[in-house]
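Student: Each chain is listed here by its residues.
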Amino acid sequence: DAGITQSPRHKVTETGTPVTLRCHQTENHRYMYWYRQDPGHGLRLIHYSYGVKDTDKGEVSDGYSVSRSKTEDFLLTLESATSSQTSVYFCAIGGGLATDTQYFGPGTRLTVL
Amino acid sequence: AQSVTQLGSHVSVSEGALVLLRCNYSSSVPPYLFWYVQYPNKGLQLLLKYTSAATLVKGINGFEAEFKKSETSFHLTKPSAHMSDAAEYFCAVSVTNSGYSTLTFGKGTMLLVSP
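From first to last, the protein sequence lines are chains A and B. Reading the first sequence from the start, the letters are residues 1 to 113 in this note's numbering. Reading the second sequence from the start, the letters are residues 1 to 115 in this note's numbering.
Read the hints as simulated data drawn from the structure, not as lab findings. There are no misleading hints in this set.
Lysine-lysine pairs mimicking DSS-like chemistry, simulated, CA-CA at most 25 Å apart: (1) B:Lys107 / B:Lys68; (2) B:Lys49 / B:Lys69; (3) B:Lys107 / A:Lys57; (4) B:Lys42 / A:Lys11.
All chains should be modelled from the sequences, with the hints used to inform the complete structure.
Tutor: So this is what it looks like as structure tokens:
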């Protein structure tokens, strides 16, 4: 998985609780991304980062925030989890230029009860 | 806005048969297109990508795709399916905003391979 780890790999939480997912890379890549995967929707971009402290919103950013204080770590936070945020979350690195490949982590399965 | 559409959420083939997974794109500028594969409970892995260098692109595991501008298509093919090809396949287009590029994915096609 191209030097990308995600933690936790599985999490069950309750509605209204805060949740933070971590993506860690050892590739020293500038660009990092968070996607969610839902049946029938493919992958949808939540937020991305183009450098330390530089982030931007993606297609489905409502209810999510991110932070990147170090090159190797990109955190995704659900401030108050809802059942609609039950999903599989993938981190990716790479990209930046239009022809660049993105490399994906193993994913985190989040269930919000 | 750039987008891709994958025709067929599920495709079933027999082992040894031709695999054809369809992807059509919508783009006002020359697109850069990607095919990714996802095996069960795994992350996505790049199969191949079109970067305008050649219209026929060869990828890993015997897959290839042909960019056809006249048909706005980038279909994925493999001459002979193996059981190990059973997975979900995603087509994606690179989208550039404010100087940074991201990927927009299709909804995916699940490939089922029967003996």
